[in-house]
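Quick note on this note's numbering: the sequence shown kicks off at 1 and runs consecutively.
No lab work stands behind these hints: they were computed from the structure. Ideal Cβ placement from N, Cα and C applies to all residues, glycine included. One thing to keep in mind: the hints can contain errors.
Claimed, not checked - Derived DSS-like pairs (lysine-lysine); straight-line CA-CA distance at most 30 Å:
hint, residue 1, residue 2
1, LYS420, LYS370
2, LYS502, LYS102
3, LYS94, LYS515
4, LYS547, LYS502
5, LYS502, LYS94
6, LYS313, LYS327
7, LYS424, LYS365
8, LYS424, LYS373
9, LYS424, LYS370
10, LYS366, LYS420
11, LYS365, LYS420
12, LYS420, LYS373
As the list claims (entries may be wrong) - Distance ranges between label pairs, derived from CB positions:
hint, residue 1, residue 2, range
13, ASP18, HIS73, 17 to 27 Å
14, ASN282, GLN210, 17 to 27 Å
15, GLY307, SER331, 25 to 35 Å
16, PRO156, ASN113, 23 to 33 Å
17, ALA294, ALA228, 15 to 25 Å
18, ALA246, GLU300, 45 to 55 Å
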Amino acid sequence: MSLQRLSLRNFVIVESVDVDFDAGFSVLTGETGAGKSILIDALQWLLGGRTDPGQMREGANRMEVQAEFGSPHRAVNQWLDEQGFPIEEVLCLKRVLDASNKTRCWVNGSAANVSALRELANLLVDIHGQHAWQGLTRPDDVRQLLDNYAHCDTQPMRTAWQAWRQAHAHWQQALANQTQLNEQRDRLMWQIQQLDVLAPAAGEWEELNQRHTRLAHAQQLMQAANDALESLDSGEDHAARFIHRARQALISQSHIEASFETLAQQLSAIEDQITDLCRDLNGWLRKSDLDPDALAALDERLAQWHGLARRFKRAPETLHELWQEWKQALSALDAQTDVAALEQHALSLQHAFMDQASGVSAQRKKAAPKLSKAVTELMQGLGMSGGRFEVQLDPVDTPTANGLEEVLFCVAGHPGVTPKPMAKVASGGELSRVALSVAVVTSRLGHAPTLIFDEIDSGVGGVVAHTVGQLMARLGEDRQVMSVTHLPQVAAHAHHHWVVNKLTQKGRTHSHIQKVEHEERVREIARMLGNADGESATLAHARALLKAPGGQMESPHA
1 MSLQRLSLRN
11 FVIVESVDVD
21 FDAGFSVLTG
31 ETGAGKSILI
41 DALQWLLGGR
51 TDPGQMREGA
61 NRMEVQAEFG
71 SPHRAVNQWL
81 DEQGFPIEEV
91 LCLKRVLDAS
101 NKTRCWVNGS
111 AANVSALREL
121 ANLLVDIHGQ
131 HAWQGLTRPD
141 DVRQLLDNYA
151 HCDTQPMRTA
161 WQAWRQAHAH
171 WQQALANQTQ
181 LNEQRDRLMW
191 QIQQLDVLAP
201 AAGEWEELNQ
211 RHTRLAHAQQ
221 LMQAANDALE
231 SLDSGEDHAA
241 RFIHRARQAL
251 ISQSHIEASF
261 ETLAQQLSAI
271 EDQITDLCRD
281 LNGWLRKSDL
291 DPDALAALDE
301 RLAQWHGLAR
311 RFKRAPETLH
321 ELWQEWKQAL
331 SALDAQTDVA
341 ALEQHALSLQ
351 HAFMDQASGV
361 SAQRKKAAPK
371 LSKAVTELMQ
381 GLGMSGGRFE
391 VQLDPVDTPT
401 ANGLEEVLFC
411 VAGHPGVTPK
421 PMAKVASGGE
431 LSRVALSVAV
441 VTSRLGHAPT
451 LIFDEIDSGV
461 GGVVAHTVGQ
471 LMARLGEDRQ
481 VMSVTHLPQV
491 AAHAHHHWVV
501 NKLTQKGRTH
511 SHIQKVEHEE
521 RVREIARMLG
531 NADGESATLA
541 HARALLKAPG
551 GQMESPHA
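Construct the entire structure; sequences and hints are all you get.
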């Protein structure tokens, strides 16, 4: 898998360009100010880079960058599948910026966001810039570089550190606030004890009020039931007696008037209904819980509810929920005020962190001399014979999320010199060569199929430049390598050569990119050697560079 095509529309001074890349080692060259790094800048923007004012070509209302990567490898296809993007034979990425400064992105034709492009970037390209040496002076960068070299996953350690520090903070907070927390606990306990006496049950308030309403009218209800019974079947002139008399009168004359028989039957049915009513009323009186004497006890219970509700300034019907809420708050507060338990928990998590950190330290200690040796060996061929690169691990007094040590990159440019931190190395050329050595060593570990060097060879020349070219060509045997360079010796080792020119037409500046071969490439190498007029001696020198061992007069990857 490698970058096959990069298309730019209205990017900086590029109006429109499509570049088809090949496998192997490619260089981009051009005069100072021609915009040699435009392609790299465009690719970085496409892969989630920040949008800067002025990136869009002046006068344009839409900027577009598109890239195609051939034969995506398994990790890319797995990522596409997990994110829900279609899997194609060619991975196509596209990003557009409109006149309102809004950006849109696509992955294989499906809408995406910038974060998705950033994630993909780690699987596709590995870019080393011309100021890469600055990263070798930053603690976070060098530590990450060593951890990557050691294949060390530090996330479990960081997670353990965060858990420990959070528990430690809770413990310290409990210590500092112990008096205040105890006062809160005492107050909660008193409030709960007040409600414990009442022990308000869920739904009890509503039930008490319903019972009180019935008991308050107990005498009236019982009198009404007894009056009804007396009227129906108990008094001297009760209804049942009159109906019985009426029925007997009709029956006595039914042999004369046949309709009286029917009327008598209707009165008999009424007698039955009265009997049923009397039975129901007697049953209600027997089973009724309407005890007027219970009203006083119920009034006392309701008075307790009202009294506590007023004391705590809450509605009576909320006392049950309030009681439960306070008990839960007390349980939580007990956990906070148990300082010994909090301390023990923090210590347990500290031990867990130390176990993780010790494992990371062991991996770093094992990898540090290996990285030191590999970089030192490359430095010997880059004009730093006898120089030495050293990865130092300095223990810290207080552990951090990054572990138990600081990582420091040190270098000695000459034999017999004690390695010093890279930030204290004065020579820019030495810094660039060390950075190049580190980049080459660590790039061999990367999974990204495309490796890009953006003027990382600045500050070197002569024989060292030849060595740099050889290193990049060697890397290009296994991966796609691109380099923006001003060194003819490096360019001569490339399998493919692209030239960037800046042209002015009708008062507007354009950037033109073309692939050069044969004599065109000879003339570009000659220009890089310092002769823009194409003098025969310089042209001969250019041909010699291309024909020298490792030179690419005829690209084997063409």
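Right, here's what the structure says about each hint:
no., hint, in the structure
1, LYS420 to LYS370, "19 Å, holds"
2, LYS502 to LYS102, "28 Å, holds"
3, LYS94 to LYS515, "23 Å, holds"
4, LYS547 to LYS502, "29 Å, holds"
5, LYS502 to LYS94, "25 Å, holds"
6, LYS313 to LYS327, "18 Å, holds"
7, LYS424 to LYS365, "24 Å, holds"
8, LYS424 to LYS373, "21 Å, holds"
9, LYS424 to LYS370, "23 Å, holds"
10, LYS366 to LYS420, "21 Å, holds"
11, LYS365 to LYS420, "19 Å, holds"
12, LYS420 to LYS373, "16 Å, holds"
13, ASP18 to HIS73: 17 to 27 Å, "24 Å, holds"
14, ASN282 to GLN210: 17 to 27 Å, "25 Å, holds"
15, GLY307 to SER331: 25 to 35 Å, "27 Å, holds"
16, PRO156 to ASN113: 23 to 33 Å, "29 Å, holds"
17, ALA294 to ALA228: 15 to 25 Å, "24 Å, holds"
18, ALA246 to GLU300: 45 to 55 Å, "54 Å, holds"
No hint from the list above goes unmet by this structure.
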